[in-house]
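Asks: Put the two chains together into one complex; each comes in its own frame, and the hints tell you how they fit.
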Amino acid sequence: MDDTDIALMARIKEGDLEAYEKLLDRHQRPVFNTAYKFLNDEADAEDITQEVFVRVYKAAGTYRPQAKFTTWLYTIVKNLCFNAIRKKQSGRLLSIEDETVPEMASLGDDPSEMLSREQVKRRVIRAVNNLPHNLRLAIILQKFHGFSYEEIAQLLGCSQNAVKLRVHRAKQYLAEALEPLKEETY
Amino acid sequence: MNYQWIQDNLSAYMDKELSKAQILEIGAHVRNCAGCGVEYARMSRAWDALNLWKEIEPRPDLRKKIMHAVQEEKRTQWFRIMLPAAAVLLVAMSIYIYVGFFHARSGQDMAVQTEGTAVLTEHDLQNVNEDEIITHLELLQEKDFYDTLDTLEKIDYLPLVEEVMQNIDEEQRSSLECSFV
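Protein chains in written order, with the numbering used here: chain A, 1 to 186; chain B, 1001 to 1181.
One chain only, chain B, in its complex shape (with noise of 0.2 Å):
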């Protein structure tokens, strides 16, 4: 702790913003040195100087001023909150309501497109005896029927390795027996 430390931290061992060791050491030194000593009591002065200017009152309206402030900011928030909901929900709607007006036109135009073809439109699909499904969906389901059948038939009889064996015996027996006669 040098002399040119001491002066530098004389402000700080006025605040109390130094160590307990510290503030013994430089408080020792201010006592013992003149140089320090006149240095700290002119600094200790123009601090006291400070007291010289008092705190004002703001003005009683200054309150009322603020929570008129924060009143209108509490409507404000709330605005700002709504507004970009109001926003979202309006674009939302707006889609909605295009999709539909599309979807019902484009329905529409597909009906006209396919006229004379075999695509049922809405209006067939009314007139078409219920019967006539029927019969048809049950010639679905045997045809799918026998389709799996045929699959499963065509598994089921692939020749075992032995039977394959016996029919090539068989084959030679009857050769033989064909040369015999």
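Bound-form chain A, shown alone (with noise of 0.2 Å):
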């Protein structure tokens, strides 16, 4: 039986939850991954998760496979995570499209001293989480999902060149942020 995602979204069309559950597991834990590292959040990011499903079984019977499935799927993520943060955000009215990379924060201890590794992942954290929303979901998708550059321009709804633009800044911004680390601790 054809089982890739197109093939079980037809399927679930039909109201195969069985189908449905096959999605589920192919894509659960990803979906919870990107919304776990773009929030920041475990809670929130089963909330998202679960939406983000609920979603997909409600749009099966509309969904027209135009796009790669993980395209679609992914869209739906970011919706609904740039939502979550707006609300989190909503006093501090924070435009998504806010794309001014923050001044570097300052690492506050000697350069020189090795860092332990759950140091070093705090930092990379950090550095990610001060990333201005499109920029930190590119990372997220592309270092984590393999995402390529026009899977992602799809996605934020612009051209790959922006997309390169983006990609290229954050890490520049990663790089300048975890400067003082030592190649050896990761």
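Simulated restraints on C-beta separations:
{"#": "1", "chain 1": "B", "residue 1": "R1059", "chain 2": "A", "residue 2": "E14", "range": "25 to 33 Å"}
{"#": "2", "chain 1": "A", "residue 1": "G146", "chain 2": "B", "residue 2": "I1095", "range": "58 to 66 Å"}
{"#": "3", "chain 1": "B", "residue 1": "R1031", "chain 2": "A", "residue 2": "G146", "range": "20 to 28 Å"}
{"#": "4", "chain 1": "B", "residue 1": "N1002", "chain 2": "A", "residue 2": "Y63", "range": "42 to 50 Å"}
{"#": "5", "chain 1": "B", "residue 1": "E1073", "chain 2": "A", "residue 2": "N79", "range": "14 to 22 Å"}
{"#": "6", "chain 1": "B", "residue 1": "W1005", "chain 2": "A", "residue 2": "G146", "range": "23 to 31 Å"}
{"#": "7", "chain 1": "A", "residue 1": "L17", "chain 2": "B", "residue 2": "C1033", "range": "53 to 61 Å"}
{"#": "8", "chain 1": "A", "residue 1": "L17", "chain 2": "B", "residue 2": "G1107", "range": "50 to 58 Å"}
{"#": "9", "chain 1": "B", "residue 1": "M1067", "chain 2": "A", "residue 2": "Y63", "range": "16 to 24 Å"}
{"#": "10", "chain 1": "B", "residue 1": "G1035", "chain 2": "A", "residue 2": "K13", "range": "53 to 61 Å"}
{"#": "11", "chain 1": "B", "residue 1": "R1059", "chain 2": "A", "residue 2": "R64", "range": "31 to 39 Å"}
Cross-link-like lysine-lysine pairs, in silico, DSBU-like; alpha carbons within 30 Å at most:
{"#": "12", "chain 1": "A", "residue 1": "K13", "chain 2": "B", "residue 2": "K1065"}
{"#": "13", "chain 1": "A", "residue 1": "K22", "chain 2": "A", "residue 2": "K68"}
{"#": "14", "chain 1": "B", "residue 1": "K1065", "chain 2": "A", "residue 2": "K78"}
{"#": "15", "chain 1": "B", "residue 1": "K1016", "chain 2": "A", "residue 2": "K121"}
{"#": "16", "chain 1": "A", "residue 1": "K88", "chain 2": "B", "residue 2": "K1054"}
{"#": "17", "chain 1": "B", "residue 1": "K1064", "chain 2": "A", "residue 2": "K13"}
{"#": "18", "chain 1": "A", "residue 1": "K22", "chain 2": "A", "residue 2": "K58"}
{"#": "19", "chain 1": "A", "residue 1": "K68", "chain 2": "B", "residue 2": "K1064"}
{"#": "20", "chain 1": "B", "residue 1": "K1065", "chain 2": "A", "residue 2": "K58"}
{"#": "21", "chain 1": "A", "residue 1": "K78", "chain 2": "A", "residue 2": "K68"}
{"#": "22", "chain 1": "A", "residue 1": "K58", "chain 2": "B", "residue 2": "K1064"}
{"#": "23", "chain 1": "B", "residue 1": "K1074", "chain 2": "A", "residue 2": "K68"}
{"#": "24", "chain 1": "B", "residue 1": "K1064", "chain 2": "A", "residue 2": "K87"}
Calculated from the structure, these hints are not laboratory results. Ideal Cβ placement from N, Cα and C applies to all residues, glycine included.
Replies: Rendered as structure tokens:
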């Protein structure tokens, strides 16, 4: 039986819950981790994952395979994550289009000091979380899910050149933020 | 391909998002240019540092929660489909009952209003003699028949042009005959 995501979606449209479970088993973990890395909150990530898969089920009837299934799936993830962030930051009136890379946070420690892996990890997470939303999502999808620039462009609704520029800026920022860390640490 | 272009595309080079020729060219440049080499190494280190941020396993009950939510959705979906259908059916039935009631009422009113006039009510029709109806119908048919024949007669007896001329000749001849007499 054809088990591609698109074939599974066609079966879900016919009310096949077994196909839905298969799709869920395939994508639940990466979707959860994307939301978790983006929001940095396990409970919020669970809520988002649940909502994403309920929406997938609801949309199965109208789903048209125009792009890759994952592009469509992660567009839902993106929308829900941005909404969640917006709700959290509603008091701060921060625009999601604001892509100004923040000023480099002072590490405060002696750069020559050898940091533990856990400390490095915390700095990595902090550095990624400091990125503006679009850049953060682009980095997460590219680094952890192997998305191409083209897929990220479709997902964020911008050109491939814009994605290239965003990823470049994000990498430059991360390089600066993690500069003092010793290579051997990771 | 200038220096600035190479600097701007170091990240794309790292992600292999360039053409083969461009990758080869930037690779050669990075190996020979100290500045670009340092920048490339710095970005690569930061990129590799992200590997420390491992994926985590979602709680086992998340799948259960999702399946439960979907089952619930399936039930409500059925309800959502049936509700408008039931509403349409209800409205249609109401209209049918209302129209039926109104029709019966207006029938009764008509019978009351036409009492004493020539309009026959259902009651009159039940009491009417069949022979009487047949006779009336025959008369009606005959009337139609005669009407039709009259019309046909008129059409058939329209004088032809030659006939008219002949008539005139006959008239002249008779007048001459008269004069001789």
